[in-house]
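Chemist: The hints should help you fit chain B onto chain A, whose structure is shown.
These protein sequence lines map, in sequence, to chains A and B.
Per numbering that gives the first Met the number 0, the first sequence runs over residues 0 to 320.
Per numbering that gives the first Met the number 0, the second sequence runs over residues 0 to 320.
Because the hints were derived from the structure by calculation, they are not lab data.
Quantities reported herein were computed from a predicted structural model and do not represent experimental measurements.
Misleading hints may appear alongside valid ones.
Since copy identity is lost for identical chains, a pair holds within one copy or between any two.
[Said to hold, decoys possible] Pairs of lysine-lysine residues, derived as DSSO-like cross-links and limited to a Cα-Cα distance of at most 30 Å, are as follows:
no., residue 1, residue 2
1, 295, 83
2, 54, 83
3, 83, 293
4, 54, 295
5, 293, 54
Number of protein chains: 2
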Amino acid sequence: MAVYTEVSDEELAAFVRSYAIGRVLAVKGIAEGVENSNFLLHTDSGFFLLTLYEKRVAEADLPFFLGLMEHVAARGITCPLPVKTVSGATLGRLAGRPAAIVTFLDGVSVRRPAAGHCAEVGRALAALHRAGTDFPLRRPNALSITAWPPLLQAAQGRADEVARGLGERAALALADVQQHWPARLPQGVVHADLFPDNVFFIDDRLSGLIDFYFACNDALAYDIAICLNAWCFETDGSFNVTKGRALLAGYEAVRPLSTAEVDALPVLCRGAALRFMLTRLVDWLNVPSGALVKPKDPLEYDRKLAFHMGAACASDYGLMR
Amino acid sequence: MAVYTEVSDEELAAFVRSYAIGRVLAVKGIAEGVENSNFLLHTDSGFFLLTLYEKRVAEADLPFFLGLMEHVAARGITCPLPVKTVSGATLGRLAGRPAAIVTFLDGVSVRRPAAGHCAEVGRALAALHRAGTDFPLRRPNALSITAWPPLLQAAQGRADEVARGLGERAALALADVQQHWPARLPQGVVHADLFPDNVFFIDDRLSGLIDFYFACNDALAYDIAICLNAWCFETDGSFNVTKGRALLAGYEAVRPLSTAEVDALPVLCRGAALRFMLTRLVDWLNVPSGALVKPKDPLEYDRKLAFHMGAACASDYGLMR
Chain A
0 MAVYTEVSDE
10 ELAAFVRSYA
20 IGRVLAVKGI
30 AEGVENSNFL
40 LHTDSGFFLL
50 TLYEKRVAEA
60 DLPFFLGLME
70 HVAARGITCP
80 LPVKTVSGAT
90 LGRLAGRPAA
100 IVTFLDGVSV
110 RRPAAGHCAE
120 VGRALAALHR
130 AGTDFPLRRP
140 NALSITAWPP
150 LLQAAQGRAD
160 EVARGLGERA
170 ALALADVQQH
180 WPARLPQGVV
190 HADLFPDNVF
200 FIDDRLSGLI
210 DFYFACNDAL
220 AYDIAICLNA
230 WCFETDGSFN
240 VTKGRALLAG
250 YEAVRPLSTA
260 EVDALPVLCR
270 GAALRFMLTR
280 LVDWLNVPSG
290 ALVKPKDPLE
300 YDRKLAFHMG
310 AACASDYGLM
320 R
Chain B
0 MAVYTEVSDE
10 ELAAFVRSYA
20 IGRVLAVKGI
30 AEGVENSNFL
40 LHTDSGFFLL
50 TLYEKRVAEA
60 DLPFFLGLME
70 HVAARGITCP
80 LPVKTVSGAT
90 LGRLAGRPAA
100 IVTFLDGVSV
110 RRPAAGHCAE
120 VGRALAALHR
130 AGTDFPLRRP
140 NALSITAWPP
150 LLQAAQGRAD
160 EVARGLGERA
170 ALALADVQQH
180 WPARLPQGVV
190 HADLFPDNVF
200 FIDDRLSGLI
210 DFYFACNDAL
220 AYDIAICLNA
230 WCFETDGSFN
240 VTKGRALLAG
250 YEAVRPLSTA
260 EVDALPVLCR
270 GAALRFMLTR
280 LVDWLNVPSG
290 ALVKPKDPLE
300 YDRKLAFHMG
310 AACASDYGLM
320 R
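Excised from the complex, chain A in its bound form (with noise of 0.2 Å):
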C-alpha cells in the first residue's frame, strides 16, 4: 500500500491545470506499488494515473523511464503512455516531488499464472525487446553483476538471522556467475522487473506492461532469466517446466535466441535469483519500525536460486531446439 506524499486539492488543480485534459472530477490514492505515491485522476478527459516519484527514484532517470514508454508505446506496446502538458513536457514538480501524468491502462494482473499467461508474457517481452532496439537513450543496469558485491557486503553479516546458511550460499552463488557471466550477448533495453504485478491481462490475453522504472540497458537475454524467475516457480519452489517451456516459445516465435544466449541462459538465471535475493536481504534487513510496506521474503530467491544451482542447459527450463 503507498501514498507516501498528501497533495492539496489547490496543488492538484493548479498542477492539472498545465495539461490540456479538463478539471479535476476525482482523485483516489492508490494501494499499490512500493517505489512511488500514486492517484487515480479523473478529469473531463478521462481517467489517469497520477505518479509522485518518491525518493527511491532517481530524478535523472526520469526521463529515460518516461520516454521509454512513449517510444515502445509509439511502436505498438500497450503501455502507460505519458501525457503531455500544454508546453509539451511529459514530466513536472507536485508537492516538492517529480510528478507525471499517464493513460489509465486496463487490466488485472495474475496471482497464480499459468502456462497460457507465460507464453503470453513471452511475447509480449520479446516484443518489448524489439521496440525498445532504436530508443535513443541509455541507462546503465545499477543492479547488475557489479552492484551484487557491495550488496552481498552489506547483508552478509546478519543473513544468518534470516536462515542458516544464507550468507555462504550467497557467496557462493556469487564467485560462481562472476566466473562464468557472459560478456557478448545481445544488449538492448531490458524493462528488469517483468514480474506479473507488472502485467495485465484481461480474459487471460495479456493486456500491458507497466512500471518501467527499473528499466535499463542490459542483454536481453537476462531480461528472460528474470521472467523464468518470476513467473514460472511454483509456490512450494519447484520450477515448472511447462510454464518455462511457454514462455521461451513465446518469446522465441517473436525473436529467436541466438546460441550464445541459449548457452548463458542457466547462469542468467542464477544471476537474476541472486540480484532479487540480495536486493531482498538487504531491504528484509533495513525495515524501519512502523513501516507501512511488509518486505519481500528474501527466502523464496534463495529456493529458486538452489534449484538453477542444479540446472546445467537451457533445456532445463524447457528450452525446446
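Modeler: Only chain B this time, still in chain A's reference frame:
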C-alpha cells in the same frame, strides 16, 4: 490507507459475474477510509466502487446503510448508488466478507473548507434530512449520549497520558450534557459523520455525499452540531463564525429550525464534540502496534469542546434571527 483484505482475481471475476456490469477490466485498491476495504473497479459498464465490509461495520446494519443510499438517491441526493445483482440483491459476499458495489462518484473533498463550502454543506444536510423523512428502516444511534459514559470509563484511567486534566474535562462535559440534553427534538435519519472527507466538490460546488456507515435515527439538529464541529473551526482551534453562519443559513434555506432546535444547539455542539473526543481517545489509547492507520487526534475535540463550554446560545454559532 486501507486495503485490509486481498481479493484474488478468480474470486473477483466470479463476484462481478453476479452483476450485469460486464467483465472486470481493472481493479485498484484505494488508500482511503479507515473502516472498510475499498477498490476502484472498472468493467465494461464503467467505473464502480467495490467495498468489503470489515469487522467494525456490523453486517446486520448493512441493509439500513445500503437501503438509505438507494432511498435518498431516488429523492435527488447525489450519493453512491448500490448496484443490484442480476437477482436484485445489493449485498453479497466476497473473500469471506459482506461486499457491495456502488456507482463511482466524482468529486474531491476539500481539506480547508471556506464559508462557501459550509453553505453548500448546510443545504445538502437539510436536503438529506428531508429525503430521509419517509425511509422505513430504523437504526438507533449506537454512539449517542447513552454510549458516552462507558467510553469515558474505558478511557478515564489513561486520559491524562494524552493531556493533563483531559479526563476531568470530559467528566465535567458529560455531566453537563447529561443534565441539559434535549428530549423532544424533531427526529429523523442523520448522516452522523458528515466530515469534509465525506463531502465531494467539483469547482466549489457540492457534487455528492459519501460514507453513510454511521447513519442512524436521531435528532436532526444533532447532525448540524456534528457539522458545525467538523466544518467551522480553524486549525488553531478557533470557531469561525462566518462559516457557522453560512452553514446554518444554508441549512435553514432548505429546512428551517424550530425554536427548540435553536435553543438546543449549544448543548448539541458540546455533546457532538464530546462524542468525537471520546471515540478518538479510546482509539488513541488502543492503537495496535504496527497499525496502518494513524489515529485521529482527540485533543482537536478537547479544544473544540472548550469553545462550546463557553457558548451561550445559537447566535454564538452564527445563527441569524
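Chemist: All hints are to be evaluated individually against the structure, with a verdict given for each.
Modeler: Verification of the hints:
no. : hint      : verdict
1   : 295 to 83 : neither (35 Å within a copy, 39 Å between copies)
2   : 54 to 83  : within (23 Å within a copy, 44 Å between copies)
3   : 83 to 293 : neither (34 Å within a copy, 36 Å between copies)
4   : 54 to 295 : both (19 Å within a copy, 27 Å between copies)
5   : 293 to 54 : both (18 Å within a copy, 22 Å between copies)
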